[in-house]
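Asker: Make the full structure from the sequences, and use the hints.
Sequence lines, in order, name chains A and B. Using the working numbering, read the first sequence as starting at -19 and increasing by one per residue. Using the working numbering, read the second sequence as starting at -19 and increasing by one per residue.
Don't read these hints as lab results, they were simulated from the structure. Be careful, since some hints might not be right.
The list treats identical chains as one, so a pair stands whether inside a single copy or across any two.
With a straight-line Cα cutoff of 20 Å, these simulated EDC-like cross-link-like pairs (lysine to aspartate or glutamate) come out [as the list claims (entries may be wrong)]:
1) 60 <-> -9
2) 77 <-> 10
3) 17 <-> 71
4) 77 <-> 21
5) 60 <-> 47
6) 73 <-> 21
7) -13 <-> 36
8) -13 <-> 21
9) 41 <-> -9
10) 77 <-> -9
11) 17 <-> -9
12) 52 <-> 24
13) -13 <-> 0
Each chain is listed here by its residues.
There are 2 protein chains.
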Amino acid sequence: MVGEALKGHLDLLLLAVLADGPAHGYAVIEALRARSKGAFDLPEGTIYPALHRLEDQGLLKSTWSEDSARRKRIYQPTPKGQQALTTRQTEWKQFYKAINATVGI
Amino acid sequence: MVGEALKGHLDLLLLAVLADGPAHGYAVIEALRARSKGAFDLPEGTIYPALHRLEDQGLLKSTWSEDSARRKRIYQPTPKGQQALTTRQTEWKQFYKAINATVGI
DNA sequence: CTTTGACACCTAGCATAACTAGGTATACCA
DNA sequence: TGGTATACCTAGTTATGCTAGGTGTCAAAG
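Answerer: Below is the structure:
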């Protein structure tokens, strides 16, 4: 994606993806690419620290999956994370409508 | 506004406001507040450096107004700035549609 | 006539978060 | 055996909005 545009909006994306079911980091990257039809093709160095940050904030919790030889850290939203998702959604709607109103589109 | 949400989108707002007519920095702040219905109430420390940056990039040019005892630096978009506005607009549309698609709203 | 607040400009330094660029390791296919 | 995809990690860079301070003009209120 382009530059700094994503700043402050990534949390919303991650919480939205994980609200539809637990997933590990690499799968989140693929889900973002798929859902956005290729617009969000984000590097691991973006996603992994963001997931850690959200877990530190208590919005996600993670467990190591054991049903595979390849280790996977499975993330899912906490109740606090689900609540955060709805507030982030309304904030996002207000934000993009404010932009559209300002730009006149 | 909230946190980092604006990062990467301020240039679009400034170019859009100034595309509707030259204005000085303080007036730009008021225009943003008015157009966004209060959503974008941005401090001078955000606007002035941003205007300087856009001028450095050749997207705006400025002149000091002389018809007032109070000095005002009047900004207006250059041709390059007008072109940048249209590309930023299409990028913004792609961006917010990608977010909405990803979030599912 | 002094003070307060709106107007109008400026910038050094801070904070945040996405990204770069490196690393480790497993699995599978040619 | 080598390459590619999967899957994780993090130190450091970078970009930019914002904080917090500064200067000065002007008008209205006290």
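Asker: Determine for every hint whether it applies to the structure shown.
Answerer: Checked hints:
When the C-alpha separation of residue 60 and residue -9 is checked against a cutoff of 20 Å, the pair qualifies only within one copy, where the shortest distance is 13 Å, while the shortest distance between copies is 34 Å. Only between protomers do residue 77 and residue 10 lie at most 20 Å apart by alpha-carbon distance; the minimum there is 18 Å, versus 28 Å within a single protomer. Taking CA atoms no more than 20 Å apart as the test, residue 17 paired with residue 71 passes between copies only; the shortest distance there is 15 Å, against 23 Å inside one copy. When the C-alpha separation of residue 77 and residue 21 is checked against a cutoff of 20 Å, the pair qualifies only between copies, where the shortest distance is 15 Å, while the shortest distance within a copy is 25 Å.
Taking identical chains as interchangeable, the C-alpha atoms of residue 60 and residue 47 are never at most 20 Å apart, the minima being 28 Å within one chain and 56 Å between chains. In this assembly of identical chains, the alpha carbons of residue 73 and residue 21 lie at most 20 Å apart only when taken from different copies (17 Å versus 22 Å within one copy). Taking the shortest Cα distances, residue -13 and residue 36 sit within 20 Å of each other inside one copy (18 Å), while across copies they are farther apart (23 Å). In the homo-oligomer, the alpha carbons of residue -13 and residue 21 lie at most 20 Å apart both inside one protomer (15 Å) and across protomers (19 Å), since each shortest distance falls under that limit.
Taking the shortest Cα distances, residue 41 and residue -9 sit within 20 Å of each other inside one copy (14 Å), while across copies they are farther apart (37 Å). For the homomeric pair residue 77 and residue -9, the shortest alpha-carbon distances inside one copy (19 Å) and between copies (17 Å) are both at most 20 Å. For the homomeric pair residue 17 and residue -9, the shortest alpha-carbon distance inside one copy (19 Å) is at most 20 Å, but the shortest distance between copies (26 Å) is not. Only within a single protomer do residue 52 and residue 24 lie at most 20 Å apart by alpha-carbon distance; the minimum there is 14 Å, versus 47 Å between protomers.
In the homo-oligomer, the alpha carbons of residue -13 and residue 0 never lie at most 20 Å apart, since the shortest distance is 23 Å inside one protomer and 28 Å across protomers.
Against the hints set out earlier in the document, violations occur for numbers 5 and 13.
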